[in-house]
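Novice: So the chains spell out like this:
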Amino acid sequence: DAGITQSPRHKVTETGTPVTLRCHQTENHRYMYWYRQDPGHGLRLIHYSYGVKDTDKGEVSDGYSVSRSKTEDFLLTLESATSSQTSVYFCAISANYGYTFGSGTRLTVV
Amino acid sequence: EDQVTQSPEALRLQEGESSSLNCSYTVSGLRGLFWYRQDPGKGPEFLFTLYSAGEEKEKERLKATLTKKESFLHITAPKPEDSATYLCAVQAVANTGNQFYFGTGTSLTVIP
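Note that the protein sequences, when read in sequence, are chains A and B.
Counting from 84, one number per residue, gives the positions in the first sequence under our numbering.
Counting from 1337, one number per residue, gives the positions in the second sequence under our numbering.
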């Protein structure tokens, strides 16, 4: 997938626990994004980064935080997971022609 | 408010039966319109980028067109392997951070 790796691929966690999802890219792209995908809502932007330590909020950022300490890694953290955060999470990088997406992380909060 | 609407939500076609998917958008200054294909359990895969009204792009059985208010993805003589969800996204001039706004997709099933 064009040098983007997401981990884990699947995770089940309990309500109230912290969870961190990782996105790793090998193409040195400046922009990286975290989206969530839910039935009936399509892909919605959570947070994005435009460089090391430079991040900004998207339209559904409440309950999420991100960090980017290296160009290649973009981490998404759910500080205290809730059932409403059960979703499929996609990381993406911005290339000249559009986005390249990772394979996704399916997160279930029980 | 920038919006992207795709129709129909779902489409079932017989193999060889051509049809079109629609993506209508309202943005304050279009930078680009993008089509993606998404297979179950996978991330969206890039298909086309269109930048200005009148532009067309083709790839195998797919052809994307763009007007000032909508885009069509035409599928000619589809095969079962074309079954997937097709997503449309727009990037507006006003967007910071190269953000995209996605439609909810059209789920296409091609029956042999």
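A portion of the hints provided could be inaccurate.
If you anchor each label on the Cβ, the simulated ranges turn out as follows [claimed, not checked]:
hint, chain 1, residue 1, chain 2, residue 2, range
1, A, 92, B, 1443, 28 to 36 Å
2, B, 1417, A, 135, 38 to 46 Å
3, B, 1393, A, 148, 25 to 33 Å
4, A, 110, B, 1341, 29 to 37 Å
5, A, 88, B, 1405, 33 to 41 Å
These are computed hints drawn from the structure, not numbers from a lab.
Idealized CB from N, CA, C, for every residue including glycine.
Novice: So, for every hint listed, does it hold in this structure?
Specialist: Cross-check of the supplied hints:
no., hint, result
1, A:92 to B:1443: 28 to 36 Å, "violated (23 Å)"
2, B:1417 to A:135: 38 to 46 Å, "holds (41 Å)"
3, B:1393 to A:148: 25 to 33 Å, "violated (38 Å)"
4, A:110 to B:1341: 29 to 37 Å, "holds (32 Å)"
5, A:88 to B:1405: 33 to 41 Å, "holds (38 Å)"
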